[in-house]
Structures are given as structure tokens and as C-alpha cells.
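Peer 1: Sequence:
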Amino acid sequence: MPVLEPNPRALRAGTKRRAAPDRVPDLQARGTPKHLREELTAVLGPGKVLSKISDLVRYASDASPYRFVPQVVVVAEDLDDVSAVLSYAHGKGREVVFRAAGTSLNGQAQGEDILVDVRRHWAGVEVLDGGARARIRPGTTVVRANAALAPHGRVLGPDPASAIACTIGGVVANNASGMTAGTTRNSYRTVASLTFVLPSGTVVDTADPAADEELARAEPRLCAGLMALKAEIEADAELTARIRAKYRIKNTNGYRLDAFLDGATPVEILRGLMVGSEGTFGFISEVVFDTLPLDREVSTALLFFPSLPAAAAAVPRFRDAGALAVELMDGNTLRASVRVPGVPADWAELPRDTAALLVEFRAPDQAAQEAYERAAEAVLGELRLVAPVGSVSNAFTRDPKTIAGYWKARKAFVTAVGGARPSGTTLITEDFAVPPARLAEACAELLDLQARHGFDAAVAGHAADGNLHFLLAFDAGDPADVERYAEFMADFCKLTVERFDGSLKAEHATGRNIAPFLELEWGAKATELMWRTKEVIDPDGVLAPRIVLDRDPQAHLRGLKTIPTVEAIADPCIECGFCEPTCPSHDLTTTPRQRIVLRREMMRQADGSRVETSLLESYGYDAVDTCAGDSTCRLACPVGIDTGALMKAFRHERHSAREERIAALTARNFRAVEASARLAAGAAERIGDRLLESVTGLARRAVRPDLVPEWLPQIPGAAARRLPRTHRPAAVAVYYPACVNRIFGNPGGLEGPSLPEAVVALSARAGRPVWIPDDVTGTCCATIWHSKGYERGNEVMANRIVEAAWGWTAGGRLPLVVDASSCTLGIAHEVVPYLTDDNRELHAELTVVDSLVWAADELLPRLDVRHRVGSAVVHPTCSMRLLGDEDRLTALAGACAEEVVVPVDAGCCAFAGDRGMLHPELTASATAREAAEVGARPFDAHLSANRMCEIGMDRATGRTYYSALLELERATRP
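Just add 31 to the spot in the sequence shown (first one is 1) and you have our numbering.
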């Protein structure tokens, strides 16, 4: 064991705790039973079976209020793996649940036996017929698929609010629809063909002309059973009429019985049944969608009404005027949305009964847009709107930024309201539909029902389709509160069915919480047909039991998860999973959601339990060490939870007092540290990579991988000892070369000026000269200490750089230009909590400008571009995203190249200062998809704006990345 390995117990909660009723029992502390682990490993091979208790716990939660701990997790890589798992399950009498994104709201992504991860190795999009169709793998997010279609002017029909995270497999398996899909643009209506694996292991491609013939040979009993059910349904005129009526409004409760009416053959019937089957009929391995036109001319308004029923009453008018989306939000939703960045703060003061409609028209051209706007204005003239706070305009706009803000607030409905719930409570999300003409009546009844049961729910929904969502919070650990919820659900289901003949699930699929009420909605005959359909397709009951069909009337109360209070920064998390696709470690160890899920399980445990001990032993590497700390999870999270900041705090908790003192000492003596690092970089050029790799490898094994960086061949040589000469009197800005650019020179083989020389030359060339202070050596943005959780060192350097910058800029009169995006972020924002009160006042007077912004806004308009390359690919860094200046990188690249490509899969490289040297496997995993995209074709330039990120991308792609400012200097050189 390395001599400085941190003590896992350092992260144990400091307070005594009582065990929660739904804690993982100590009997499971060792994870998967030995025989199950060994048998599946023998079947699938090593590396595909996750068996630690931490693995099982992190996969036990999804976005729903339920929690079921699997016996084992399998990471399937291909169809052979899926078929092997199904064969094993049949032979051993076991059960299988497939899980992709885990954004389901009703527990569909949870299983109690074998859980199969079908996200990690199942992403990919192939655009067909010029965008008219798209072949998409099930682990692909909706956002990723639409990004591939956008250049062709096409888009998918389903558009769920969770599009940033939810994957195509789940969208089809749940028939998720969203804001605009309604009953005509959902998966059932827009899926052209499917490839799926039946429970028996038979693979069916519904696009294959021979599919029915092959299925009849492989599964004669299945084909006969499906055709018999079809004949029985078609012979019953009353049942046929009932089925057709049920799908005139949005409905995902139960199986799509209309598939028997729409399909003429077993394969056609299966194609329909698979949509909305929630993983109970098979595994969908590929989907071909018929896409829809992407209308780019958009007009949107957020309109405020005095009450929810008043807003609902206005919905038909906008629908008749041609609105594609009419979204409803009640006062609770609007007030909770102030947690979402960009939402007006005065929404917190909206009156209790206020409601709003988000109305959007989309048109193919400006003429059609203007016609829609005239129709919308006519409707507005007939409405009684209110403007209870100053930010309310009640007007249509074409401004993309304003429109994006409206949609961000709407899409954050579940997470924003959930994040505002009382700490320790569980969130329930319900989803139902009524005939659109009765929406206002349903709103009034829902409000009355909530009041009678003591709930103050938040309500929102796709009003144009009569589809409402509402959220309830209750204490799942309190039997009395669970009973209150149960009584509410019984009354709600009766109201929806008996009063409105509505759908108990409009788009979230049946799941565990509506399965007991399926017969209430559909009646005994139709429900029994669903059971028989399941028996025909899955006679052994291998796939996803109890998720759609369950005869237990109390099934919706089983497995409700408690939500123990954790650290304040993470406590609002509702485990929605929106953060996961952006996380650099999501294919390597854990995601932000999983880090929080694991922490919550620790809090469920009695202090010192065997399960807590096992979780802590894995948490150090899986959660803390392999977190890049880039905080892009905060951008993806609708309520801004920064799990990266939590992991940095945990790093601090693991430090000994001695380590903190040493870190502070390096900060105080950073001038010597900087000089030593530059000497080492120069020496490395002479010593050679192989020897350095060997030496650092031995040191990492002896000391600790998280303390000793691994030498990488891509690390450049030393920078020049002296920075470019500049003059203060004529300078219009102070230029601060980051320490990384004072230590390391240009990448090997790149001729021309250094980055500091390029910045100075460009600024002079544009008539905006800069000045480099003589005493920048020994200063730093403090990110080195901040990212590792060294608080004392962070405090030393944070205060030093702010005091120095205040003096350099003449008390803030000149801007401070910083040439590394992470350093800009550090000085502009991350140092603030560590400053003294006096220095916080000094910091408030500073204007910190990233060099990208300086070059794009101040220099480029004053420069003549003389030499352009043919193509450039750019790597936007996570710091750019946090600063909001990604567009400046593409603007600079666009000035230097005829073609600029931003990879669709571009994300955080996870190099994170030196973390990519401490854990190279993290950067390798984080960059894999972007590197594959970049490597698919040649580029003339590979541009970014952070030296360490460029090293990470060099290593990932085998190409040479460098600052966009170096390319701009070359392009504008006389």
C-alpha cells in the first residue's frame, strides 16, 4: 500500500446516526453473491460484471421515488452480451432489467436481480436520406441525436424535458413525448423500424423484409399467440372502439393494445408493442426514426394569469391559432424556478394563485412566422393577463436568449420544485391527461384534491394536450405520511378515470406507481389482455417484473426511498441524472448523481456499519479522486448543484494537518516552485520520456497516485525564462501570463512565437498594447490548491494574486487579461470565498478578462486577416463553458480558418490541471468519443485556450492542439 494513502474513515459523517428503515443490510456489505458474480463473469468475460456494494448502490436509484438494490450489474457491450445474459437468466430462473440513463420517474430503470447497463457502449447516430431518417442506438441522448440532425434541418418528434440526459432506448420504451410531441409526433407515430432482442434471445429487425418469415421459424408459438390476440380484439367491436378512444389523448398506461389493430403481422404488432413496453418485452438495440422538419423561425411568450384555471381556459385559443407548444406552470412552479440560473429573482414574489402559459409558434419562414404572430396578437387582445412583478412583459419575442430562459425555467419543473422541497422528503412526480377541452375543470379539481389531503403541490404540463404533471413531497420514512400519500393516490386515480375518463400516465409510462391502478383505467377485459400479451412474449417472466403489471394493490408503496440529509451543497438533489452526460468520469467510475446517491446511503447506515465501511473504501477513488472537479455538472443541473465543489471539500477532509502545512508552504514559496518546475521541464527534454515514465511510475506506487503525477510524453519543454518586454505607460490592459504558460513552452514541433509573445504582438498589432508586470513570477490563480482541496494554500495564493492584481491594474482601472481559461475562472470567481474582507473589496474593483474575450472583442475587429487555413477543430474547455465565452473561441477560429468544427461530443477533457497526470485513465475515458470524432478526418489546426487541456487533447487524439491566439497571430502576421 502506498505510504500516504488517505484514511477512508476521514469521510465518515461526524454525527451519530440511526439506521434508516430502507438501508442496505449488512448482509449485502460484500456486494454480489460469489456464485452469481463468478457465473456471470464466466459467461461474459472479465470487466463486464460490477459486484461491489458501491456499484450496486449507485445503480439502485433513478429519478423516481423508488429504490431497489440489484444483486449484480452487468455492463453489456453488444448483442452477444445481451443474449448471453438472457440465456443465463432463463437457465437460472433469474430476472433482468435494462437501464440506460435512469431518468425514468416511475422506477422503470430499477431491478432487484440482474440489472444491465445499456448506456455506456450503446451510443451512436447515423443520419439517413439527407436527414429524413436517423438510425440511433439506445444509449444516445435525445440532445445528441438532434445535434446530428440539426445541420440537415431535421429533428426528432419526441422532445422530453430530460432530453439533455434521457436516451433513445428509454424514450421509445416509455413512449416519452414531451413539450410538442402530443399524440402525433411521439415514438409510436415516428418510429420507422426497430431492432430488438426478445426474452428468448431472438433478434428481430422489423425493417428486414424477411423478418416475419424468420420470426415464424424461430418463434412459432409467439407468432400464433400474437395473431390469436389480434383476432380476439378485432372481433370485439366494443373493445376495439374503447382502445381507439383511449389513444385520442396522450396515454402510456399499460401496453399499446392498438398495436394489434395497427399491425397486420406478428413483426408489425411487435414493432408497436415494443414502444411503451418499459423493457418488459425485450431490449431495443437500434431505432430508425422518421424525422420532422426543424422550423427555425420561433416566436415565444410567457403569459401570466391570475389563476391556474384561468390559464388553462386560454389554452384552446392558442392551440387553434397554431401554437406548437402551450405549457402550463402554476405559482409554486414559477416561484421555485428562481433557483434556476437566469430566472428573474422577482418571480419569488409572485402571488400564490398566479399561473403562466409558455406559448410557442414555430415556422419554416418569416412569412409564416408573421402570420402566426398576428394570430397570437389577436388572442392576446381577448385575454385578461396580469403583471404582478416587474419582470413580466406578457409579450411575444423572437430573442433566442429570452426564449431559452423561458424554456430553461419550464424544463426545470421537476428539479427546481424538487430542489426546493423540505430536506429529507421524497418527491413524487405524477403525470396524467384529460380531454384538452376539460383541462380547466381538471385543474380546479386537482387543486381541491390536494388541499383536502394537505398537499401543496406544484403543477405544470403540456396544456395543449390536456397533459398535466404535479409534484408531491412527503416523508417516506414516516408511515403516517406514506398513508396520506396512499389515500391521495387512490382519490386522484378515481377522479382522473371516473370524472374525466383520462389517462393515469400520459407520457411517463406506467411504472411502479401506477401499475396497481391499471385495471381501474382500462377495465378487467383489456387488463387481462395485457397480462396475456406479456405471457405470450415473455412466458418465463424474465424481463422487468412488476414494472407494468402488478396484482398487488399496494405495489406503489413498496420500495419508496428515504432521502437522508447530506451536505448542504448536494442536499437539494432529486437524483434526476441531468448531470450525468456532462461528467468526465461517467464511463469510468461514478457520476455526480451517483456520488450523491452513495453519500446518502452512508447516511442511511448506522455509524460504523459494515456497509458504510465498504462504501467508504470505494468512495475515495470512485468518487473523490476521479472527479475532475470541473463543475460542469453545475451547468447541467437545473438547480446548480456543484458536485465538483463537494468532492474538493472531501479532498480537504482527507488531508492531514501536515499536508495542509506543506501546501501552504508551496504557496508562500511559489517563486521557487515555479523556477524548479521550469528547470524540470527543460531537463526532461534531455533525459527522455521513457526514463521519466519509469521514475514517476515507481514514485506513484510508493507514495500515492493522487499525489505524484505520471510523466506523459505530450508534456512540452520549458518556457523561456524571460517574458516579452512591454511598457506600462501606453498599455490599455494588464496582461497576466498564467503560471502554466510561464513554465511550459509551445508543444513540440510547433514553430513560432510563444503564447505570451503572441498575445503581446497581437495586442500591439491591433493598437491595444498590454503590459506584463515585472513581478508576476511566484503568483498563481490559486487553482492548483483549490482543485485539490488545500484550503490554507488556497487562502495564501488567492489573497496574494488579488492584492497583486489590484496594484498592477491601478486599483482596477485597467482590465486584467489572463491567457488560460481556467486561470481566468479562478481569479474572477473561485478565489472569492478565500479572500479576507479587505481583499474581497479589492477584488470587486477588478475586471478580469479571458484572453479569448480580449482577442475576439478588442483585437479581432482591429486586425487584418491575411492567411487562413482550410479547417480548424476546436476544443472548448469546461472553464470556457463556466465563463460563457465558448463563442469567442469559435469566432477566433472562424477568423483563422475557412471551416470550423466543434465536435458534437466535445466535453471536459478531465485533464483538470494535473489530474490527467495523476489519473490518466480519467482523461482517456473522458475524451474517448471526442477523440474518435476528431480522428475521423484531418484538420489543418487544432485549437483551444488552456495549455493543460491542450496536452490532454494531444494525448487523446495524437494531434497537436494549441492556443487559438497563436493561430490568430499567424493569420494576421504582416
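Be aware that a few hints might be false.
[Claimed, not checked] Computed Cβ-Cβ distance ranges for the label pairs, DEER-style:
no.	residue 1	residue 2	range
1	Thr878	Ala178	30 to 40 Å
2	Ala967	Arg151	18 to 28 Å
3	Asp805	Glu872	24 to 34 Å
4	Lys556	Ala967	50 to 60 Å
5	Glu401	Gly554	21 to 31 Å
6	Leu159	Ala762	36 to 46 Å
7	Lys556	Pro395	38 to 48 Å
8	His898	Asp945	27 to 37 Å
9	Arg415	Lys556	40 to 50 Å
10	Arg429	Glu559	48 to 58 Å
11	Ala599	Glu952	30 to 40 Å
12	Pro337	Arg469	46 to 56 Å
13	Arg689	Ser424	55 to 65 Å
Don't read these hints as lab results, they were simulated from the structure.
Where is the CB? At the ideal position from N, CA and C, for every residue including glycine.
Peer 1: Please go over all the hints and tell whether each is borne out by the structure.
Peer 2: Cross-check of the supplied hints:
| no. | hint | verdict |
| --- | --- | --- |
| 1 | Thr878 - Ala178: 30 to 40 Å | holds (34 Å) |
| 2 | Ala967 - Arg151: 18 to 28 Å | holds (21 Å) |
| 3 | Asp805 - Glu872: 24 to 34 Å | holds (26 Å) |
| 4 | Lys556 - Ala967: 50 to 60 Å | holds (54 Å) |
| 5 | Glu401 - Gly554: 21 to 31 Å | violated (49 Å) |
| 6 | Leu159 - Ala762: 36 to 46 Å | violated (56 Å) |
| 7 | Lys556 - Pro395: 38 to 48 Å | holds (45 Å) |
| 8 | His898 - Asp945: 27 to 37 Å | holds (35 Å) |
| 9 | Arg415 - Lys556: 40 to 50 Å | holds (46 Å) |
| 10 | Arg429 - Glu559: 48 to 58 Å | holds (53 Å) |
| 11 | Ala599 - Glu952: 30 to 40 Å | holds (31 Å) |
| 12 | Pro337 - Arg469: 46 to 56 Å | violated (20 Å) |
| 13 | Arg689 - Ser424: 55 to 65 Å | holds (58 Å) |
When each numbered hint is compared with the structure, violations occur for hints 5, 6, 12.
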